[in-house]
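Trainee: Here is how the chains run, residue by residue.
Number of protein chains: 2
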Amino acid sequence: MQRGPADADWMAVAIALSRRGRPVSAPNPNVGCLIVKEGKVVARGWTQPGGRPHAEAMALGVAGDAARGATAYVSLEPCAHASPRGPACSDSLIAAGIARVVIAAQDPDPRTDGNGIARLQAAGIEVVFNMLPAEARAVMAPWWTRHTEGRPFVTLKLATSLDGCIARADGSSRWITGDRARAHGHLERASHQAILVGRGTLAADAPRLDVRLSGLEDRSPKKLLLTTGEAPEGWTAIASPQAIDDVDSVLVEGGAGAASAFLAADRVDRLLLYRAPILIGRGKPALADIGLADLADAHGRWRLSDSRMLGSDRLDVYERAREG
Amino acid sequence: MQRGPADADWMAVAIALSRRGRPVSAPNPNVGCLIVKEGKVVARGWTQPGGRPHAEAMALGVAGDAARGATAYVSLEPCAHASPRGPACSDSLIAAGIARVVIAAQDPDPRTDGNGIARLQAAGIEVVFNMLPAEARAVMAPWWTRHTEGRPFVTLKLATSLDGCIARADGSSRWITGDRARAHGHLERASHQAILVGRGTLAADAPRLDVRLSGLEDRSPKKLLLTTGEAPEGWTAIASPQAIDDVDSVLVEGGAGAASAFLAADRVDRLLLYRAPILIGRGKPALADIGLADLADAHGRWRLSDSRMLGSDRLDVYERAREG
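One line per chain: the protein sequences are A and B, in this order.
Just so it is clear: in the first sequence, position 30 is 30 by the UniProt record's numbering, and no numbers are missing.
Just so it is clear: in the second sequence, position 59 is 59 by the UniProt record's numbering, and no numbers are missing.
Don't read these hints as lab results, they were simulated from the structure.
We treat Cβ as the ideally placed atom computed from N, Cα and C, and that holds for glycine.
Any given hint might turn out to be false.
What the hints assert, rightly or not - Pairs of lysine-lysine residues, derived as DSSO-like cross-links and limited to a Cα-Cα distance of at most 27 Å, are as follows: (1) Lys157(A) x Lys223(A); (2) Lys222(A) x Lys157(A); (3) Lys37(B) x Lys157(B); (4) Lys157(B) x Lys157(A); (5) Lys157(B) x Lys222(B); (6) Lys157(B) x Lys223(B); (7) Lys284(B) x Lys157(A); (8) Lys223(A) x Lys284(A); (9) Lys157(B) x Lys284(A); (10) Lys284(A) x Lys284(B).
What the hints assert, rightly or not - Quick list of simulated restraints, FRET-style, between CB atoms: (11) Ala296(A) x Ser220(B): 25 to 35 Å; (12) Gln106(B) x Gly178(A): 28 to 38 Å; (13) Trp175(B) x Gly178(A): 30 to 40 Å.
To be verified - Examples of chain B residues toward chain A, derived with CB under 8 Å: (14) Val62; (15) Thr160; (16) Ser172; (17) Leu295; (18) Ala298.
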């Protein structure tokens, strides 16, 4: 007999759906929801732009009567608090007749934090939780970092030659990486709420920093400038890596000074390293001083999480290995 | 019916055997030979240290009477010239009663260069040639480069941080890469006839440059110093990348000056990039000036030929993409 998908397989689909809400679901978490009945998907939902409807509300709306007796897979604990913008999702799941709810991660928001699970169980619904929590948290990293650490999730992008240069000595850097790597960089822009550059990069490259991918033009993020001075029109001045308080995800695009300031402050959560198969020699280094006192201190901080070829360039993604 | 190995499969084994002779078969090419009869391997041979016996002679010696009617797979055309050190291998194959010879690459040595094939065919032996020639030439690259271009095959090794540094600004570089990457570096030493460093590296690190792998201690290569001055005892002074004439393979181990001199002279055939998952920031760059006039000129020169993880370090191997 052929075995159908297990709970973990369905949850992986719900988590994949949750990626669609990133970053447009802000200020709400980007959640994914899958409703399954008798081994078949009857509805899919994900947090909509601006944060409403929630993933569960969207999926229940699609499922209609088919929700009765079904299992809902949700990447974050359903909320327990009603708001002027809509009812609590745990109540909506109960009202729709859902028989079983599988949850990836418990909601750290104190208004829910276990209350959603308790309410479902009190209504006689079978609840399974901690199904792929690390995977769900990774996709919700911006919201999660904001809610648990009170700061944005920061990705640092470096595009270098094999010898680690980001430009020739005269500053010329068009182009180090190829089309596919640059397109991937634009996709990363589209999944961040803000992009940040330093003053040198603004002056040298006058970067547009918009998303130049068909269908995603409206995803162009907010533009931040790392400076103790004024920012030009269309830009927001940020005095230090610690001073970002109104976005949950920031992509640091350059240059070496901005990158190094974020690394020195230990405010980088994820590294995107695009590397072209070229050698430059005596070019502009990717980083300035990051405050490394001893080579031993450099080890154990970064864990490879993804690696792929983009044309003839390689992308390596590293995540900051933090304690606990 | 299960299909047995095809000619290309057997040849791949012969080419793998040929690797064993590198670099100890010098001044002769490192050839591999497999003798197969009725679908079974009856003998294996590879060029022995110092160049004799040849691969075919070794394999025929093992096969004895079993060679009669068998197929010989040879990674290089069997030689057609007898020498005081032994008979021509094409004559030996004929005398042993080999029925069929499959050859990867034709011998560029003018004393053979087609004569071996002709002699085998004249004796009524079926000859198949051009079976995996590129693969065979790659394994024989040092000998091949010496015979076709009159210069050694040069591998450049760089061990860097993610931001392309080979040391901290104060010169400290112990250790950037981990145990497995360093052991791989020693294995690379063992497959080269000579290792080269620049004067700065000699002064700063006083490198032993020997092979510290159990069973391969006797493979420690000749030590070359890139300098216009004198070399200390145990070292040979090399005035320029063009001035190496008595070895077929050189591993350039550092530092940035020596690496850049070989790159600027376009004398690097293969790049070994060991990269540790650390960031240094304002460290010593891997390269100095390599004479790059325009970023566009940097593209298309290097082709990724191998990539693997060595513990938490990544090794990328690039080969110089040359015309023709």
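Trainee: Indicate, hint by hint, whether the structure satisfies it.
Mentor: Do the hints match the structure? See the list:
1. Lys157(A) x Lys223(A): 15 Å, holds
2. Lys222(A) x Lys157(A): 16 Å, holds
3. Lys37(B) x Lys157(B): 42 Å, violated
4. Lys157(B) x Lys157(A): 26 Å, holds
5. Lys157(B) x Lys222(B): Given pair Lys157(B), Lys222(B) holds - Cα atoms ~16 Å apart, limit 27 Å.
6. Lys157(B) x Lys223(B): At roughly 15 Å apart (the allowed maximum being 27 Å), Lys223(B) and Lys157(B) satisfy the hint.
7. Lys284(B) x Lys157(A): Within the cut-off at roughly 21 Å; holds.
8. Lys223(A) x Lys284(A): Given pair Lys223(A), Lys284(A) holds - Cα atoms ~24 Å apart, limit 27 Å.
9. Lys157(B) x Lys284(A): 21 Å, holds
10. Lys284(A) x Lys284(B): Given that 27 Å is the threshold and the Cα spacing comes to 12 Å, the pair holds.
11. Ala296(A) x Ser220(B): 25 to 35 Å: Holds - the Cβ-Cβ distance for Ala296(A) and Ser220(B), about 29 Å, lies within 25 to 35 Å.
12. Gln106(B) x Gly178(A): 28 to 38 Å: 37 Å Cβ-Cβ, so the 28 to 38 Å window holds.
13. Trp175(B) x Gly178(A): 30 to 40 Å: Holds: the Cβ-Cβ distance is about 33 Å, inside 30 to 40 Å.
14. Val62: 43 Å, violated
15. Thr160: Holds, because the Cβ-Cβ distance from Thr160(B) to chain A comes to roughly 6 Å (cut-off 8 Å).
16. Ser172: It holds, given that the least Cβ distance between Ser172(B) and chain A is near 6 Å, below 8 Å.
17. Leu295: Status holds, d = 6 Å.
18. Ala298: 4 Å, holds
The structure shown violates the earlier hints numbered 3, 14.
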